Amino acid sequence: MIYGKGQKKPYKPEYLRRHERFGFWMIAPSMFFLFIMAAFPLIILVIMSGFQLDLTCPAGNRWVGLDNYIEMMRDSRFWHAMKVTAIYTFSTVLLQVITGLALAMAFFRSFRGQGILRVSVLLPMILAPVVVGLAFRTMIMTPEYGILDYFFIWLGLGSKPWLVAPNWALFSVIIIHTWQWTPFAFLVFLASLNGLPMEPLEAAQLDARNSWQRFCHVILPMIRPAVVIVIIFRTMIALRAFAAIFSATGGGPGTATEILNLYTYRESFNSLNLGYGAALGTSLLVITVLVSMFFFRMRKSRI
Amino acid sequence: MKESCSAKSEKKRWLRSGIVSGLYFLMIFIWAFPVFWVVLTSFKGRTEIFTLPPTIIFKPTIEHYIEALLTHDILSGVVNSFIVACGVTLITLIIAVPAGYAFSRIQFPFRDRLSFFALLAQMAPPIGLIIPCFFLLSRIRMLDTYTGLIAIHMTLTVPFSIWLMITYFQDLPKSLEEAAIMDGVSHFNMFRKVALPNVWGGVGVTAIFAFIESWNEFLYAVVLTGSRTKTAPVAIFGFLAAEESRWGPFTATGVLIMAPVIMVALVAQRQIVRGMTMGATKG
Amino acid sequence: MAEVRLVNVTKNFGKVCAVKNFNLHIKDGEFLILVGPSGCGKSTILRSIAGLEVISDGEIHIGDRIVNDVHPRDRDIAMVFQNYALYPHMDVFQNMAFSLMQKKVPKNEINQVVANTSKLLGIHDLLGRKPSQLSGGQRQRVALGRAIVRSPQVFLFDEPLSNLDAKLRIVMRTELLDLHQKLKITTIYVTHDQVEAMTMGDRLVVMSGGRIRQVDTPQNLYDHPVNLFVAGFIGSPPMNFVECGIEKAPQGLHAKTEALDFQIPVDRAGGLQKYIGRNVILGIRPEHIVGPLSEEKVDKRDAFRSVVWLVERLGSEKLVHLRAGDSTLVVKTARHADVKTGEKATFVVHMESAYFFDKETEELIV
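Residue numbers (our numbering), protein chains in the order written: chain A, 1 to 303; chain B, 304 to 586; chain C, 587 to 952.
Calculated directly from the structure, the hints in this document are not laboratory data.
Remember, predicted model here, so these are calculated numbers, not experimental data.
Keep in mind that the hints are not guaranteed to be accurate.
What the hints assert, rightly or not - Which stretches of chain B does chain C cover? Using the computed rule of at least three CB atoms under 8 Å from a CB of chain C, they are:
| id | stretch |
| --- | --- |
| 1 | 478-486 |
| 2 | 495-505 |
To be verified - 25 Å max Cα-Cα, derived DMTMM-like pairs, lysine to aspartate or glutamate:
| id | chain 1 | residue 1 | chain 2 | residue 2 |
| --- | --- | --- | --- | --- |
| 3 | A | Lys12 | C | Glu844 |
| 4 | A | Lys12 | B | Glu480 |
| 5 | A | Lys12 | C | Glu929 |
| 6 | C | Lys613 | C | Asp650 |
Even for Gly, the Cβ is constructed at its ideal location relative to N, Cα and C.
Work out the full structure: start from the sequences and follow the hints.
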């Protein structure tokens, strides 16, 4: 081995090292930016959570250490928000995966007309979530005049309190989110299924007792990586969902649809209680990190 | 697919393709109809909108569009959204494209740690960023500025753009770069004259994603903007909150917000779908 | 033009050693070919000479300087890649002119050089086209032109003809040789195709497993292989190998398997004395087994009768696969030879042309 003077690593000619330094400068601006705009604020967030920082009565602002967190533990609204978040996240991800997968399975062997399908299916995902929420609130779910409600009345099922009654409201925002994002799962699964080699599938047709068997034991294991990725992506998005819920229900009625994200917002920017809001934000951050670590571990061990 | 001769499975296949066709139209309906309905409503006269049963054939009018644009907020909202989105897209590309190149091609020091950091940056929940940023920006009187909003929007666009550009640069054959090394290109020219010209398509798609992300964004905008820099999503929200039953101007504004994005998406739909699903299939 | 010397070159990829203690001297103006199966390290050596790989140990000399630390563009070399690596977004002219533009050569000089080179290669009327508008052969020529334009001291070719179809490959082979005659630039050429190597090289370096197995002219490699690998690699169809025991008989030494028994010529017997009672590997080329012969015409020495297992018709000749006990022998016969699958036929082995290899070391014994 050639070693440079006093170096422990294998020898690298100067021109290679210059190339690497050049590479470093190419990423420097973006890394610097992310550090300042993403990493640094999070540190500030955690620090802020240790303060009493109420913009409506600034006289009382001071360092309080962990008091905000203690208060949080006793805050029933916080625990309610956690519950709603859990229901919301779990339901939307489950619905997206099941619906997306079922639809992809239905379509993956028929190629005719997939172009038009792709466009219609792309549509919801590129719309502004705030517009989607508002549109559902007005055009679709308004009693009598919203087309969904009108449809229900027409079916004889009667008008429903879509966004008005607490349980219905939670159900409705779940529907809205699922409506907007199931296409993602659908497209990913479709791509994944289309990419599978035909031979094992054909062999399975002869071996398996019925289609369901074939699905469970042959197809599902083969697309497992795609399913995992979809679950991870969608969970992360569900945790940070904001605009659609905010515009459809505002978190209400009351706190029926108030996921932790929304509670944090209301506390920070409606009540202007930034200290406590920061504590709530930090909790959400911690939850996000824990969930992704969990998924990370799961992916590492299973692949 | 292997053909079976028995009549029973023949019937089964017929039934199956019937279900699939039905599903096909149902899907298109479920996902395209709401958008279609919003667009339709925007052209209905005031009383027409609230007629039951809802009508599809009617005499169209553009009165709501005119009203929406004349409501000062909304026109300036669209203009502001455009300014911010363009700024975000431009600066994102400037810093993310070289980064994508470097990550995909060069073994620079700390590379692995930095790519992990970029991944982490994507995980930060927006509410976690907006609270400190709001606090800090209010201290230095930078609320209601374009700069502030562009900067924070970029936290959404930069990590994903870097990741997308990495995949595009990775598709270039290594021998192309090696031939250029032998031909004596400088480091920068390797990027500018050899790699970049071959990924313009990818740059375009990245730009589209960044633009859409910024154009549609709501949370950061609603917190950080004021009367001067209010973007369209904030404007439309404020409008409906104030005048709940004014569906006409609301849908007109909605169309104004959705239209540019839909048009762009129609043109580049293949690439957009590819960009979205790529991460999932490549794992 | 310059000579190239590799001194104790070693290249490791992490824990894997691709090439170890590689020594080679390439003469000025020579057309040297590195040939061997995939993964033998030949591309690694070529890329190390180019500077695209940094060697872990050793020295590389081009001309009279050591180039270990020298950037590839300053080594005065040019390389032609297997997939041509033309810049897709530039037309032919720009592809060829690119290296000169990086060196800031004046424009009219560039035009001059590119014009001359493109005329030499017959692509002068393609200068405005993009690579996607060219055929495989044309792209290959542009890649060549790009290399020639740099007036290098050494040409490096990395399996340049592998992506062409068979017919085009043969045409390009002669063109490359013609070019070499004209330009007389030292050329180092990598290929896995031994036929290509045999027809083109002044000298061949046969490699496997990161080591040199033998360096020599094509004819010498064919006639005098020093080990089992080279003997089996060079020549098409490949040499037949049969493991047999050496036994002493009244007339001299015999090489025997259960189905075959050949007398070893006297001049070889000396070298094989040590192997009496042991097994060696007998090598015999298809053209050195003659037949089919009718039973009466043959004198029993070195003849054998076996079943015809397969007949391949090449038009000009036939390749007959024979089964003798556990071994299969491939024989070249005249095109109208009377052999039928499944029947027995008699052949004679010209033992003077046989090779004997040590079973363990795989070296040539005699």
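Checked hints:
| no. | hint | result |
| --- | --- | --- |
| 1 | 478-486 | holds (count 8) |
| 2 | 495-505 | holds (count 3) |
| 3 | Lys12/A <-> Glu844/C | 59 Å, violated |
| 4 | Lys12/A <-> Glu480/B | 19 Å, holds |
| 5 | Lys12/A <-> Glu929/C | 65 Å, violated |
| 6 | Lys613/C <-> Asp650/C | 12 Å, holds |
Checked against the numbered hints given earlier, the structure breaks hints 3 and 5 and satisfies all the rest.
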